[in-house]
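**Q** Chains as they are written, first to last, in this note's numbering: chain U, 1 to 431; chain R, 1001 to 1143.
A hint or two may mislead.
Here are the computed lysine-lysine pairs in the DSSO-like style, where the Cα-Cα straight-line distance is at most 30 angstroms [claimed, not checked]:
#: 1; chain 1: U; residue 1: 186; chain 2: U; residue 2: 173
#: 2; chain 1: U; residue 1: 367; chain 2: U; residue 2: 394
#: 3; chain 1: U; residue 1: 395; chain 2: R; residue 2: 1068
#: 4; chain 1: U; residue 1: 64; chain 2: U; residue 2: 367
#: 5; chain 1: U; residue 1: 408; chain 2: R; residue 2: 1068
#: 6; chain 1: R; residue 1: 1060; chain 2: U; residue 2: 384
#: 7; chain 1: R; residue 1: 1051; chain 2: U; residue 2: 385
#: 8; chain 1: R; residue 1: 1106; chain 2: R; residue 2: 1068
#: 9; chain 1: U; residue 1: 384; chain 2: R; residue 2: 1051
#: 10; chain 1: U; residue 1: 394; chain 2: R; residue 2: 1013
#: 11; chain 1: U; residue 1: 408; chain 2: R; residue 2: 1060
#: 12; chain 1: U; residue 1: 384; chain 2: R; residue 2: 1068
#: 13; chain 1: R; residue 1: 1062; chain 2: U; residue 2: 408
#: 14; chain 1: U; residue 1: 41; chain 2: R; residue 2: 1068
#: 15; chain 1: U; residue 1: 394; chain 2: U; residue 2: 64
#: 16; chain 1: U; residue 1: 385; chain 2: R; residue 2: 1060
#: 17; chain 1: U; residue 1: 394; chain 2: R; residue 2: 1060
#: 18; chain 1: U; residue 1: 385; chain 2: U; residue 2: 395
#: 19; chain 1: R; residue 1: 1013; chain 2: U; residue 2: 384
#: 20; chain 1: R; residue 1: 1051; chain 2: U; residue 2: 5
#: 21; chain 1: R; residue 1: 1013; chain 2: U; residue 2: 385
#: 22; chain 1: U; residue 1: 408; chain 2: U; residue 2: 384
#: 23; chain 1: U; residue 1: 41; chain 2: U; residue 2: 64
#: 24; chain 1: R; residue 1: 1013; chain 2: U; residue 2: 395
#: 25; chain 1: U; residue 1: 385; chain 2: R; residue 2: 1092
#: 26; chain 1: U; residue 1: 408; chain 2: U; residue 2: 385
#: 27; chain 1: R; residue 1: 1062; chain 2: U; residue 2: 394
#: 28; chain 1: R; residue 1: 1068; chain 2: U; residue 2: 394
#: 29; chain 1: U; residue 1: 385; chain 2: R; residue 2: 1106
#: 30; chain 1: U; residue 1: 395; chain 2: U; residue 2: 367
#: 31; chain 1: R; residue 1: 1092; chain 2: R; residue 2: 1013
#: 32; chain 1: R; residue 1: 1013; chain 2: U; residue 2: 408
#: 33; chain 1: U; residue 1: 394; chain 2: U; residue 2: 384
#: 34; chain 1: U; residue 1: 41; chain 2: U; residue 2: 5
#: 35; chain 1: U; residue 1: 384; chain 2: R; residue 2: 1092
#: 36; chain 1: R; residue 1: 1013; chain 2: U; residue 2: 367
#: 37; chain 1: R; residue 1: 1092; chain 2: R; residue 2: 1068
#: 38; chain 1: R; residue 1: 1013; chain 2: U; residue 2: 428
What the hints contain is simulated information worked out from the structure, not anything from laboratory work.
Given the structure is predicted, the values throughout are model-derived calculations rather than measurements.
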Amino acid sequence: MVWDKHEQMATGALADLQLERLRFTLHRVARQVPFYRNTFKQAGVDLESFAGLNDIRRLPFTTKQDLRNNYPYGMFAVPLRDVVRIHSSSGTTGMATVVGYTQNDIVTWSNLIARILTMAGVGPNDVVQIAFGYGLFTGGFGLHYGAERLGASVIPISSGNTRRQIQIMQDFKTTALVCTPSYALKIADVMMDLGINPNGLSLRYGLFGAEPWSEKMRREISERLGIIATDNYGLSEVMGPGVAGECQECNGLHVNEDHFLIEILDPQSLEPVEPGEIGELVITTLTKEAFPVIRYRTRDLTRLLPEPCPCGRTFRRIERITGRTDDMLIIKGVNVFPTQIESILFDIEGTQPHYNLVIERENNEDKLTVMIEVVESIFFDEMKKQRTMVDLIKKRLASELGVGVRVKLVEERSLERFNGKGARVIDKRQL
Amino acid sequence: MRVEQIAVFLENKSGRLAEITAILAENNINIRALSVADTADFGILRLIVDKVNEAERALKEKGFTVGKTSVIAVEVPDRTGGLAAVLDCIQKIGINVEYMYAFVNKTGENAVLIFRFDDMSRAIDLLQQEGFTILQSSQVYNL
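For reference, chain U alone in the conformation it holds in the complex (with noise of 0.2 angstroms):
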């Protein structure tokens, strides 16, 4: 099944939609958003002598520190009057980042979440369980409204309590499952414990998202749940979930190319890789009102799986996330980056904090434990001032980060120290 008509375009006119309304796009934000005016008048870009799809890398490139120094609603394209919704990222002011969308925003996400639900396979007569987060994290919303745009009954759960996720996916018959991959086998765990056989469930189909998984997992989470599951791809800062998502030949993930250009390109040199090469995905909104973003570098490292796919869409497939060209981390769904977590140590201790990151998957649920080496600002002669100043610095770290975390107070000079960024993290994952 095929949810619409553009997801078999030709390639040409493929082409033709991209290019007509990439300019759309581009006259738009020069117009409406001062930041882009003013890169493209650095980077001498007349739009007017704008040719073909290739023209694109004449563009400056949107980077997520453009999105933060412009934070909170610098780089919407519409007065807020036009915004009917609002999702942000956690961190404080300098490290958040807000994204907007219009009445139509919405419609179209909705639209690409119900190619994506089609695509794996999932029909209007399916029960589809969101157990993804509702609020500012856009992978609720973003689902919800896509599954409700297909038609399908929707029950919109959340995420966390697993026994609760068990007793309605039984009693509601759910046959879609929505959440992050591990947590999927979370829920494979509970059942087990609780002597759940998943075979008695009416669940098909699960569609996971939001963090890094691989072959392995997926094999075990179709085994234990048997299910259909695939991968879908999005950031909120290009729309959410919908930008990208497999279908059910389980073999990368067709990119929404009539909404998205996308392109593959070295991190270094910023030069497109050779095509079938892992490169660092940039991609372009062709359609978003609000918050267009030109040239976002995702940071994601992915490469293009260049054969036609036997499902017969013609969007091109990108294979699964690999890896990332920053340091940030994905815990439980969650985008971290030890930056965050830096600015509050220095908050607490008063000082540069030496610190490190250790993350684990136990039972299927990541674990973030920071070590931090104790200074004299939060070192105390009495346990009690002692616990709670790991108390408050754990606080701190779960109200800012959105995600729990395990706080380990060490000696000083006990840490290694390492050289440039991304080395402060020891990720024991095995995917």
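Following the hints, put chain R in place on chain U, whose structure we already have.
**A** Chain R only, in chain U's frame:
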């Protein structure tokens, strides 16, 4: 009236206490009293030594996190009810003990109680009023 105590952060791993005592020995520093408070992850070592500043410097040089706090040393006869008398007096006016430890002095006649109260000044005033012997810091360092 107050005695300086040093506190050292310790991870719960073997050999750390030995290392600290070795550093102090190398620097000719005598330990008068000590106590360890610990959790599953870490511990706080509290020390009364004869040369506070030297001890602090030596331990910091070796990379330990060291804090200095003032405590009170109360001398009581080493017999039944000695500690109870102090606690009873303190508790009556609502002062709390944050922590305490004790040792018996060389003669074996008296016990020395080291206290950290939540209100140190009031505790000192009260204990003096009630006639308890509060040791001077020099007395404690040279016990």
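**Q** Now look at each hint and say whether the structure bears it out.
**A** Evaluation of the provided hints:
1. 186(U) / 173(U): The hint holds at about 19 angstroms.
2. 367(U) / 394(U): Status holds; Cα separation ~13 angstroms.
3. 395(U) / 1068(R): Between residue 395(U) and residue 1068(R) the Cα gap is close to 27 angstroms, so the pair holds against 30 angstroms.
4. 64(U) / 367(U): At roughly 26 angstroms apart (the allowed maximum being 30 angstroms), residue 367(U) and residue 64(U) satisfy the hint.
5. 408(U) / 1068(R): holds (23 angstroms)
6. 1060(R) / 384(U): holds (23 angstroms)
7. 1051(R) / 385(U): holds (26 angstroms)
8. 1106(R) / 1068(R): holds (26 angstroms)
9. 384(U) / 1051(R): Cα-Cα ~27 angstroms, so holds.
10. 394(U) / 1013(R): With Cα atoms ~23 angstroms apart, residue 394(U) and residue 1013(R) stay inside 30 angstroms; holds.
11. 408(U) / 1060(R): Given that 30 angstroms is the threshold and the Cα spacing comes to 21 angstroms, the pair holds.
12. 384(U) / 1068(R): The given pair, whose Cα atoms are some 17 angstroms apart, holds under the 30 angstroms limit.
13. 1062(R) / 408(U): holds (21 angstroms)
14. 41(U) / 1068(R): violated (60 angstroms)
15. 394(U) / 64(U): Judged against 30 angstroms, a Cα distance of about 26 angstroms means the pair holds.
16. 385(U) / 1060(R): holds (22 angstroms)
17. 394(U) / 1060(R): Within the cut-off at roughly 27 angstroms; holds.
18. 385(U) / 395(U): holds (15 angstroms)
19. 1013(R) / 384(U): holds (21 angstroms)
20. 1051(R) / 5(U): The given pair, whose Cα atoms are some 84 angstroms apart, is violated under the 30 angstroms limit.
21. 1013(R) / 385(U): The given pair, whose Cα atoms are some 22 angstroms apart, holds under the 30 angstroms limit.
22. 408(U) / 384(U): holds (16 angstroms)
23. 41(U) / 64(U): holds (20 angstroms)
24. 1013(R) / 395(U): holds (27 angstroms)
25. 385(U) / 1092(R): Distance ~24 angstroms between residue 385(U) and residue 1092(R) Cα, so the pair holds.
26. 408(U) / 385(U): Holds. Residue 408(U) to residue 385(U) sits at ~15 angstroms (cutoff 30 angstroms).
27. 1062(R) / 394(U): holds (29 angstroms)
28. 1068(R) / 394(U): Roughly 26 angstroms separates the two Cα atoms, so the pair holds.
29. 385(U) / 1106(R): Given that 30 angstroms is the threshold and the Cα spacing comes to 33 angstroms, the pair is violated.
30. 395(U) / 367(U): holds (15 angstroms)
31. 1092(R) / 1013(R): Between residue 1092(R) and residue 1013(R) the Cα gap is close to 40 angstroms, so the pair fails against 30 angstroms, i.e. violated.
32. 1013(R) / 408(U): Measuring from Cα to Cα gives roughly 14 angstroms; hence the hint holds.
33. 394(U) / 384(U): Holds: residue 394(U) and residue 384(U) sit about 15 angstroms apart, inside 30 angstroms.
34. 41(U) / 5(U): violated (38 angstroms)
35. 384(U) / 1092(R): holds (22 angstroms)
36. 1013(R) / 367(U): holds (23 angstroms)
37. 1092(R) / 1068(R): holds (29 angstroms)
38. 1013(R) / 428(U): holds (22 angstroms)
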